[in-house]
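Those letters in the sequence shown? Residues 4 to 177, by the working numbering.
Since the hints were derived computationally from the structure, they do not count as laboratory data. A few of these clues could be false.
[Said to hold, decoys possible] Dumping the calculated EDC-like pairs for lysine to aspartate or glutamate here, alpha-carbon to alpha-carbon at most 16 Å:
id : residue 1 : residue 2
1  : K9        : E38
2  : K129      : E173
3  : K64       : E79
4  : K9        : E107
[What the hints assert, rightly or not] Here are the computed distance ranges between Cβ atoms for each label pair:
id : residue 1 : residue 2 : range
5  : I101      : T25       : 18 to 28 Å
6  : T131      : G68       : 32 to 42 Å
7  : H30       : P67       : 16 to 26 Å
8  : T163      : T51       : 26 to 36 Å
9  : E52       : K29       : 23 to 33 Å
10 : V94       : T49       : 40 to 50 Å
Where a beta carbon is used, it is the ideal one built from N, C-alpha and C, also for glycine.
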Amino acid sequence: MSESAKWYVVHTYSGYENTVATTIQKHVDNRGLHELIQEVSIPLETVTEYTDGGPKTVERKVFPGYVLVKMVLTDESWHVVRNVRGVTGFVGSGNKAIPLTEDEIAALGVEKREVVVSYSEGDSVKITDGALESFIGTVEEIDVDKNKVRVVVSMFGRETPVELELDQVELVQA
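Start from the sequences and build out the full structure, keeping to the hints where you can.
Written as structure tokens, this is what we have:
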């Protein structure tokens, strides 16, 4: 059943995002709707603000007024989410909720994709995506936590380090 669960965007009153997310989660727990409503998320970003007191790191909402919900859309799940205080509706046309596409989910970074790294430092790799597609380089550094790999490629006779995502390179088979 979880295969049909999709991410939906719920519009809320500004400032009610945390309350709405908590309330939806309580309804899920109280009614045993874990199969229908699987996850509730508020996308956050960490930014450094500079004030009179100096720099300060804070988390702020990427999309104020919106909550993301991963759920199987049924009449029951729709009513549970829609009738939460502070919810103004689903993002979509009319009363029809439209799920996010795979590209939108990846861009938001809501779901962490598991990337299997088949290469290590010092290996020759081929770049499979981006401006340097099909270039061959050597892995200099891998940072799994940040989903980054630094590859040194030879461009115009110069060694140039390039930072890419882990899934943008693949091991060159000898």
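Structure-based check of all given hints:
Between the alpha carbons of K9 and E38 the distance comes to roughly 12 Å, so the proposed pair stays at or under 16 Å and holds. A threshold of 16 Å between alpha carbons decides the hint, and for K129 with E173 the separation of about 5 Å falls inside it, so the pair holds. Our distance criterion of 16 Å between C-alpha atoms is broken by K64 and E79, whose separation comes to about 28 Å. Among the hinted pairs, K9 with E107 is consistent with the structure: their alpha-carbon atoms are about 12 Å apart, no more than 16 Å.
Look at I101 against T25: about 25 Å separates their beta carbons, and that is inside 18 to 28 Å. A hinted range of 32 to 42 Å holds for the C-beta pair T131 and G68, which are about 37 Å apart. The beta-carbon spacing between H30 and P67, approximately 23 Å, falls within the hinted interval of 16 to 26 Å. Taking the beta carbon of each, T163 and T51 are about 29 Å apart, inside 26 to 36 Å as hinted.
Our hint of 23 to 33 Å for E52 and K29 holds, since their Cβ atoms are close to 32 Å apart. For V94 paired with T49, a C-beta distance near 25 Å fails the hint of 40 to 50 Å.
Of the numbered hints stated above, those contradicted by the structure are hints 3, 10, listed in ascending order.
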